[in-house]
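> Residues per chain, in single letters:
Protein chains: 2
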Amino acid sequence: MSKVKVSFTVSIDGFGAAPQQSLENPMGIGGEVLGEWVFATRTFQRMHDKEWTFQHIRKDGGTTGIDDAFFARRFLNVGAWIFGRNMFGPVRGAWRDTSWKGAWGETPPFCNPVFVLTHYPRESIPMRGGTTFHFITDGIYRALERATAAANGKDVCIGGGVNTIQQYLRAGLIDELNLAICPALLGSGERFFGDIDLVKLGYTCTDHVAGERATHVALERHAAAPSQ
Amino acid sequence: MSKVKVSFTVSIDGFGAAPQQSLENPMGIGGEVLGEWVFATRTFQRMHDKEWTFQHIRKDGGTTGIDDAFFARRFLNVGAWIFGRNMFGPVRGAWRDTSWKGAWGETPPFCNPVFVLTHYPRESIPMRGGTTFHFITDGIYRALERATAAANGKDVCIGGGVNTIQQYLRAGLIDELNLAICPALLGSGERFFGDIDLVKLGYTCTDHVAGERATHVALERHAAAPSQ
Chain A
0 MSKVKVSFTV
10 SIDGFGAAPQ
20 QSLENPMGIG
30 GEVLGEWVFA
40 TRTFQRMHDK
50 EWTFQHIRKD
60 GGTTGIDDAF
70 FARRFLNVGA
80 WIFGRNMFGP
90 VRGAWRDTSW
100 KGAWGETPPF
110 CNPVFVLTHY
120 PRESIPMRGG
130 TTFHFITDGI
140 YRALERATAA
150 ANGKDVCIGG
160 GVNTIQQYLR
170 AGLIDELNLA
180 ICPALLGSGE
190 RFFGDIDLVK
200 LGYTCTDHVA
210 GERATHVALE
220 RHAAAPSQ
Chain B
0 MSKVKVSFTV
10 SIDGFGAAPQ
20 QSLENPMGIG
30 GEVLGEWVFA
40 TRTFQRMHDK
50 EWTFQHIRKD
60 GGTTGIDDAF
70 FARRFLNVGA
80 WIFGRNMFGP
90 VRGAWRDTSW
100 KGAWGETPPF
110 CNPVFVLTHY
120 PRESIPMRGG
130 TTFHFITDGI
140 YRALERATAA
150 ANGKDVCIGG
160 GVNTIQQYLR
170 AGLIDELNLA
180 ICPALLGSGE
190 RFFGDIDLVK
200 LGYTCTDHVA
210 GERATHVALE
220 RHAAAPSQ
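Here the protein sequences line up with chains A and B, keeping their order. Residue numbers for the first sequence follow numbering that gives the first Met the number 0, beginning at 0 and rising by one. Residue numbers for the second sequence follow numbering that gives the first Met the number 0, beginning at 0 and rising by one.
Extracted from the complex, chain A is given alone in its bound form (with noise of 0.2 Å):
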């Protein structure tokens, strides 16, 4: 069965993102670290394209061990994402410059349709290797309407960030996430489990183990999503 499932890192003391993210940072100043477990991966340099807002060229080629099992997984069977604005690209408001098509280049790895939230309308824009951002304006159910009809039966991966991911699971929507821990303090930005209470949510922790920078847990929603 079709799933919603979430793959994000956070660091150890909780955060999904450093303060303030622009251009520079898209991670927010200091929030590099808990990309690291990914650059670090062959599956991330295979993907990885010179025209990316964030450049992490390795000259071994990346690592092919549990850390890059656990990225390449994040892929899989997944037909369609949402991404918050700024997973899109880190910068706000009304969109300025229509011929910036976001940080992921002309060739994104996401290879099928992206629905990114936003309060600015703007027409899709069609990429090269499968992926066609879509904008959508009218809020997170009708972005996971469309997502699902997308996907065509396949799994939607909620991609990000912090703030998106919340409130798909205050609504009751996501059916499992797929978190690293990256060994890194952050110490401000963006708190993933802020004031969500995971367990009465109805998640409980499924899976653990350890890759070479990160360590990965899988939780899952056993019971029924609160009402809306």
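Each hint should be verified, as a subset may be incorrect.
Note that the list lumps identical chains together, so a pair holds whenever it fits in one copy or between two copies.
What the hints assert, rightly or not - Okay, derived cross-link-like pairs now, DMTMM-like style, lysine to aspartate or glutamate, Cα gap no bigger than 25 Å in a straight line:
| # | residue 1 | residue 2 |
| --- | --- | --- |
| 1 | Lys-199 | Glu-219 |
| 2 | Lys-153 | Asp-137 |
| 3 | Lys-199 | Glu-35 |
| 4 | Lys-49 | Asp-96 |
| 5 | Lys-199 | Asp-174 |
| 6 | Lys-199 | Glu-23 |
| 7 | Lys-100 | Glu-50 |
| 8 | Lys-199 | Glu-31 |
| 9 | Lys-4 | Asp-206 |
| 10 | Lys-58 | Glu-105 |
| 11 | Lys-2 | Asp-137 |
| 12 | Lys-58 | Asp-48 |
| 13 | Lys-153 | Glu-219 |
Calculated from the structure, these hints are not laboratory results.
Given chain A's structure and the hints, the job is docking chain B onto it.
Frame of chain A, contents of chain B only:
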């Protein structure tokens, strides 16, 4: 040099204790999952005492892997302990029954002086095996002063709970934290990271080792403590 250190366990969602701690549920309702990695170790099984409030006897005598090594390390070079009241025994308010000598039986595993923070004075209690409980009513600085003197060049370990550790963190008095992250969600309870910014306080993650039932991280303070 003598260090002030913390050894503690937190859940994936950052809680250091579950809600409603009591004699029946010393780690709060559902909080025992935090101890599972400890209970499984040979070191714990060997120090385990049938008089303790919590009983976790394993027929296999306990495991000897990475978790066991990390748990044993918590006791190395420790010359004195500091506990919040709840760590002595999960009872609150004035001492009603002084014949009760805490949750740790006649032979607690600490083998050194333990300074218990409380608002209620009580005579010191010498136990078998080298542990003596001293009750400190004049605050965290005085407790640390006495523990440092008693440790006589060895380390002082702050054993918890969350509130006690947070007070010492905010005061800039902790050199090192050894945290175990257990693969479970608590959903509610006492947030270990609460509103504390460990980066601003000068800590970085210096070690990250996967055990069988927990991930072990070391946080060390590299910068000067903030002025008080």
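> For the identical chains here, do Lys-49 and Asp-96 meet the 25 Å Cα criterion within one copy, between copies, both, or neither?
Within. Shortest intra-copy distance 21 Å satisfies the 25 Å Cα cut-off; inter-copy 71 Å does not.
> Using 25 Å as the alpha carbon limit, work out where Lys-153 and Asp-137 are close: within a copy, between copies, both or neither.
within (23 Å within a copy, 62 Å between copies)
> With 25 Å as the alpha-carbon cut-off, assign the pair Lys-2 and Asp-137 to within, between, both or neither.
Answer is within; shortest intra-copy Cα gap is 22 Å, inter-copy 56 Å.
> Within a copy, between copies, both or neither: which one fits Lys-4 and Asp-206 at a CA-CA cutoff of 25 Å?
within (15 Å within a copy, 30 Å between copies)
> Within, between, both or neither: how does the pair Lys-199, Asp-174 come out at a Cα-Cα threshold of 25 Å?
within (14 Å within a copy, 36 Å between copies)
> Cα distance capped at 25 Å. Does Lys-100 pair with Glu-50 within a copy, between copies, both, or neither?
within (11 Å within a copy, 67 Å between copies)
> Reference check for the pair Lys-199 and Glu-31, CA-CA at most 25 Å: within, between, both, or neither?
between (31 Å within a copy, 17 Å between copies)
> 25 Å Cα cut-off: does Lys-199 pair with Glu-35 within a copy, between copies, both or neither?
between (32 Å within a copy, 21 Å between copies)
> Can you tell me if Lys-199 and Glu-23 fall within 25 Å by alpha carbon in one copy, between copies, both or neither?
For Lys-199 and Glu-23, only the inter-copy Cα distance (22 Å) is at most 25 Å; the intra-copy one is 38 Å.
> Within a copy, between copies, both or neither: which one fits Lys-153 and Glu-219 at a CA-CA cutoff of 25 Å?
So Lys-153 and Glu-219 pass the 25 Å test inside one copy only (18 Å; across, 44 Å).
> When no copy is specified for Lys-58 and Asp-48, does a C-alpha distance of 25 Å or less occur within a copy, between copies, both, or neither?
The answer is within: 14 Å in one copy meets 25 Å, while 55 Å across copies does not.
> If the cut is 25 Å between Cα atoms, do Lys-58 and Glu-105 qualify within a copy, between copies, both or neither?
For Lys-58 and Glu-105, only the intra-copy Cα distance (23 Å) is at most 25 Å; the inter-copy one is 60 Å.
When held up to the earlier numbered hints, the structure conflicts with none and fits them all.
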